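A.B. asks: Given the sequences, and given the hints that come with them, work out the whole structure.
There are 2 protein chains.
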Amino acid sequence: MKWKRSERLVDMTYYLLEHPHQLIPLTYFSELYSSAKSSISEDLTIVKETFEEKGIGLLITVPGAAGGVKYIPKMAEQEVRDIIREFMGELSQSDRLLPGGYLFMTDLLGNPELMNRVGKVFASVFADRQIDVIMTVATKGISIAHAIARHLNVPVVVVRRDSKVTEGSTVSINYVSGSSRRIQTMVLSKRSMKSGQRVLITDDFMKVGGTMNGMKNLLEEFECELAGIAVLVEAQHADVTLVDDYYSLVKLQEVNEKDRTIALSEGNFFSKGEKLK
Amino acid sequence: MKWKRSERLVDMTYYLLEHPHQLIPLTYFSELYSSAKSSISEDLTIVKETFEEKGIGLLITVPGAAGGVKYIPKMAEQEVRDIIREFMGELSQSDRLLPGGYLFMTDLLGNPELMNRVGKVFASVFADRQIDVIMTVATKGISIAHAIARHLNVPVVVVRRDSKVTEGSTVSINYVSGSSRRIQTMVLSKRSMKSGQRVLITDDFMKVGGTMNGMKNLLEEFECELAGIAVLVEAQHADVTLVDDYYSLVKLQEVNEKDRTIALSEGNFFSKGEKLK
Chain A
195 MKWKRSERLV DMTYYLLEHP HQLIPLTYFS ELYSSAKSSI SEDLTIVKET FEEKGIGLLI
255 TVPGAAGGVK YIPKMAEQEV RDIIREFMGE LSQSDRLLPG GYLFMTDLLG NPELMNRVGK
315 VFASVFADRQ IDVIMTVATK GISIAHAIAR HLNVPVVVVR RDSKVTEGST VSINYVSGSS
375 RRIQTMVLSK RSMKSGQRVL ITDDFMKVGG TMNGMKNLLE EFECELAGIA VLVEAQHADV
435 TLVDDYYSLV KLQEVNEKDR TIALSEGNFF SKGEKLK
Chain B
195 MKWKRSERLV DMTYYLLEHP HQLIPLTYFS ELYSSAKSSI SEDLTIVKET FEEKGIGLLI
255 TVPGAAGGVK YIPKMAEQEV RDIIREFMGE LSQSDRLLPG GYLFMTDLLG NPELMNRVGK
315 VFASVFADRQ IDVIMTVATK GISIAHAIAR HLNVPVVVVR RDSKVTEGST VSINYVSGSS
375 RRIQTMVLSK RSMKSGQRVL ITDDFMKVGG TMNGMKNLLE EFECELAGIA VLVEAQHADV
435 TLVDDYYSLV KLQEVNEKDR TIALSEGNFF SKGEKLK
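Line by line, the protein sequences give chains A and B.
195 is the number of the first residue of the first sequence in the numbering used here; add one for each residue after it.
195 is the number of the first residue of the second sequence in the numbering used here; add one for each residue after it.
Among the clues, some could well be false.
The list treats identical chains as one, so a pair stands whether inside a single copy or across any two.
Claimed, not checked - Calculated cross-link-like contacts (lysine to aspartate or glutamate; reagent style EDC-like; alpha-carbon spacing at most 16 Å): (1) K388 <-> D301; (2) K268 <-> E247; (3) K198 <-> E243; (4) K358 <-> D301; (5) K248 <-> E225; (6) K401 <-> D322; (7) K196 <-> D326; (8) K198 <-> E236; (9) K198 <-> E247; (10) K248 <-> E414; (11) K268 <-> E212; (12) K358 <-> E212; (13) K466 <-> D433; (14) K384 <-> D301; (15) K388 <-> D433; (16) K242 <-> D433; (17) K384 <-> D356; (18) K196 <-> E247; (19) K466 <-> E212; (20) K248 <-> E201.
No lab work stands behind these hints: they were computed from the structure.
Computed from a predicted structure; not experimentally measured.
C.D. replies: This is the structure:
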């Protein structure tokens, strides 16, 4: 079957979006569409320009026999700002206030469209950091971890509080939770990571950073390297933060249970000075 | 700015893929691209034919003033068979055998590409069932639930074993786990679902169906309706299954710990007689 350019463009766009961070040889497309490599190259130029124009991402061409094309999800700065603003709008609703000054945000973590966009935000900023694995702790960080993972095309490992038979042999550590100062346990399946891997840690919420610090310690047990930390919401607090090099989208400044008000600000995402494009 | 057809096709494909099961008015595209509706219609015909030809999904056109176009992810039968075969190949490796005859599959649940494809399989088969919510139980079902949710554009709710302050008020039930016959507890945030919603239940593994049955009971507490059950792996067993109308991709026939062999077969996915196309 002979493909028209218009059909190739639709199918190619689909294929590239489904295979982020993967090098696809030009021969793959030229064989699939029975088209000359020169035609495929022209197609890819159109896709590349549209992706860049619309803030969808980058299309990187690797020349040579082992070369090909690679789609790198990259979000435009304006879209990141839109997401942060929308997310803050949602979070600031007073009916999210829970006893003890906690915020209900389980519904937002269960929203696949929001999570997909948040995942792309973090995948954009960590696109060049060479991530091998994304690590989170059960339960609430899992949706963010998977959303980032899909855009970076790397596996997710989930740290648990308890050991389960279905995890096989595990490595377990004790750590001090940041705010409550209690000793807690973290467990991770031995098969989860190989030594030397570079790991992005993520979670939905961070206060002092005790859980993050626990995951950092767990990384060391596996002889892995910390490649970055991504947090959806960080909370303002008086203590010294246990981790420093992290990205947050939103900062919870203050919760007033009496007046039922929630004060939020932008996280450190843009103040880190990382360039998105 | 004036858009060329080739650029519109790339951007439209991206937009439709990012917004499954959402009705997009033709005016959205015609304003975005400063193009006549007739040109947009021609573009959409090309997208539609390519999506159908390549087994990407359907593009449904709703006529009239409130009309528009909707992308419905639908996987071709051959691709589902490929996924099942690949998945069985992975699962049958003898080093997955754990003490007690359990199988290690956490790595597969953490693989974003595999989960994305599995999610599309179930989203395809439940595309016409009117799903409002996807429910799973922590921890291992979460990645499948989110993968399905993304393709159906509905929220995920996660049932927990324990109540946490960040969940707000909760509804809790006791149920009998199928195989161990122990009494267990399930907890779900009250805000998770509204009465009358149609819920798809999913999990990574099902033996007798005790956990699934527990979730069914929880649905009743919320006055919600069961819309379907999706299971990655079901296990062969002697007892009566507690749930009947479910879809499984793979069936675990037998585990021989002495010989270290794992016998698998296709799940009931195709024998249910549901048509994919």
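A.B. asks: It remains to establish, for every hint, whether it holds in the given structure.
C.D. replies: How the hints compare with the structure:
Proximity of K388 to D301 under the C-alpha cut-off of 16 Å is restricted to the inter-copy arrangement: shortest distance 13 Å between copies versus 34 Å within a copy. In this homomeric assembly, K268 and E247 come within 16 Å of each other (Cα to Cα) only inside a single copy, at 12 Å, whereas the closest approach across copies is 29 Å. In this homomeric assembly, K198 and E243 come within 16 Å of each other (Cα to Cα) only across copies, at 12 Å, whereas the closest approach inside a single copy is 19 Å. Proximity of K358 to D301 under the C-alpha cut-off of 16 Å is restricted to the inter-copy arrangement: shortest distance 15 Å between copies versus 27 Å within a copy.
In this assembly of identical chains, the alpha carbons of K248 and E225 lie at most 16 Å apart only when taken from different copies (15 Å versus 29 Å within one copy). Neither within a single protomer nor between protomers do K401 and D322 lie at most 16 Å apart by alpha-carbon distance, with minima of 27 Å and 43 Å respectively. Taking the shortest alpha-carbon separations for K196 and D326, neither the intra-copy value of 39 Å nor the inter-copy value of 41 Å comes in at or below 16 Å. Both within a single protomer and between protomers do K198 and E236 lie at most 16 Å apart by alpha-carbon distance, with minima of 13 Å and 14 Å respectively.
In the homo-oligomer, the alpha carbons of K198 and E247 lie at most 16 Å apart only across protomers (13 Å), although the nearest pairing inside one protomer, at 23 Å, exceeds that limit. Neither within a single protomer nor between protomers do K248 and E414 lie at most 16 Å apart by alpha-carbon distance, with minima of 40 Å and 45 Å respectively. Both within a single protomer and between protomers do K268 and E212 lie at most 16 Å apart by alpha-carbon distance, with minima of 14 Å and 15 Å respectively. With identical chains, the CA atoms of K358 and E212 are never at most 16 Å apart, being 33 Å at best within one copy and 36 Å at best between copies.
Within a single copy, K466 and D433 get their C-alpha atoms no closer than 21 Å, and across copies no closer than 58 Å, so neither meets the 16 Å cut-off. Taking identical chains as interchangeable, the C-alpha atoms of K384 and D301 lie at most 16 Å apart only when they sit on different chains, with a minimum of 11 Å there against 32 Å within one chain. For the identical chains of this complex, K388 and D433 are neighbours neither inside a copy (34 Å) nor across copies (40 Å), given an alpha-carbon limit of 16 Å. For a Cα distance limit of 16 Å, the shortest separation of K242 from D433 qualifies neither inside one copy, at 47 Å, nor across copies, at 56 Å.
With identical chains, the CA atoms of K384 and D356 are at most 16 Å apart within one copy only, with a shortest distance of 14 Å there and 25 Å across copies. Taking the shortest Cα distances, K196 and E247 sit within 16 Å of each other only across copies (13 Å), while inside one copy they are farther apart (29 Å). Taking CA atoms no more than 16 Å apart as the test, K466 paired with E212 passes in neither setting, with 30 Å inside one copy and 29 Å between copies. Taking the closest pair of Cα atoms, K248 and E201 come within 16 Å of each other only across two copies (10 Å); inside a single copy the shortest separation is 20 Å, beyond that limit.
Going through the hint list in order, the structure does not satisfy hints 6, 7, 10, 12, 13, 15, 16, 19.
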